[in-house]
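K.L.:
Produce the entire structure from the sequences given, and follow the hints as far as they go.
When you line the sequence shown up against full-length UniProt numbering, it's residues 1 to 90, in that order.
Source of the hints: derived by calculation from the structure; they are not laboratory data.
A few of these clues could be false.
Stated by the list, open to error - Within a straight-line C-alpha distance of at most 20 angstroms, the following computed SDA-like cross-link-like pairs (lysine to any residue) qualify:
no.	residue 1	residue 2
1	60	39
2	32	16
3	76	48
4	60	47
5	60	86
6	14	32
7	76	47
8	32	45
9	32	6
10	23	59
11	76	59
12	60	25
13	23	46
14	76	64
15	32	60
16	14	36
17	60	30
18	60	75
19	14	34
20	60	40
21	14	25
22	14	40
What the hints assert, rightly or not - Simulated DEER-style distance windows between Cβ atoms:
no.	residue 1	residue 2	range
23	79	13	38 to 48 angstroms
24	38	14	13 to 23 angstroms
25	84	38	19 to 29 angstroms
26	84	13	36 to 46 angstroms
27	69	25	33 to 43 angstroms
28	83	41	23 to 33 angstroms
29	25	79	44 to 54 angstroms
Computed from a prediction, not measured in an experiment: that's the story for all the values here.
Backbone N, C-alpha and C define an ideal beta-carbon position, used for all residues, glycine too.
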Amino acid sequence: MTLDDLAAATGSSKSYIWELENKNPPRPSAEKLSEIAAVLEVTIDYLIGRETTLEAAEDKAFFREYSNMPQATREKIRAMARLLGSDAKE
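P.N.:
Written as structure tokens, this is what we have:
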């Protein structure tokens, strides 16, 4: 994703996104951090360096999405996970 893409997706200017990336320390608002994290599909903790592994951030982003899904969809996902887990054991 380019700076232009991220700027457009978050309603920011390219120069603002560049400053966040290069200014030390950056000072984005909590709302802007949340928007950027959502677009990049990571957690705010990952963006600010509290979380060092992308895998953990991806898992948290998935579970955040999962928790907002309808109950029927969550049940289908759990059923698929059980099937995939049993395949791995074989």
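K.L.:
Work down the list of hints and note, for each, if the structure agrees.
P.N.:
Okay, the hints, checked on the actual structure:
no. : hint                        : in the structure
1   : 60 x 39                     : holds, 14 angstroms
2   : 32 x 16                     : holds, 11 angstroms
3   : 76 x 48                     : violated, 34 angstroms
4   : 60 x 47                     : holds, 13 angstroms
5   : 60 x 86                     : violated, 23 angstroms
6   : 14 x 32                     : holds, 14 angstroms
7   : 76 x 47                     : violated, 31 angstroms
8   : 32 x 45                     : holds, 13 angstroms
9   : 32 x 6                      : holds, 11 angstroms
10  : 23 x 59                     : violated, 29 angstroms
11  : 76 x 59                     : holds, 18 angstroms
12  : 60 x 25                     : violated, 25 angstroms
13  : 23 x 46                     : holds, 18 angstroms
14  : 76 x 64                     : holds, 17 angstroms
15  : 32 x 60                     : holds, 19 angstroms
16  : 14 x 36                     : holds, 13 angstroms
17  : 60 x 30                     : holds, 18 angstroms
18  : 60 x 75                     : holds, 19 angstroms
19  : 14 x 34                     : holds, 17 angstroms
20  : 60 x 40                     : holds, 13 angstroms
21  : 14 x 25                     : holds, 18 angstroms
22  : 14 x 40                     : holds, 16 angstroms
23  : 79 x 13: 38 to 48 angstroms : holds, 45 angstroms
24  : 38 x 14: 13 to 23 angstroms : holds, 19 angstroms
25  : 84 x 38: 19 to 29 angstroms : holds, 26 angstroms
26  : 84 x 13: 36 to 46 angstroms : holds, 43 angstroms
27  : 69 x 25: 33 to 43 angstroms : holds, 36 angstroms
28  : 83 x 41: 23 to 33 angstroms : holds, 25 angstroms
29  : 25 x 79: 44 to 54 angstroms : holds, 45 angstroms
In this structure, the earlier hints numbered 3, 5, 7, 10 and 12 are contradicted, and the remaining ones agree with it.
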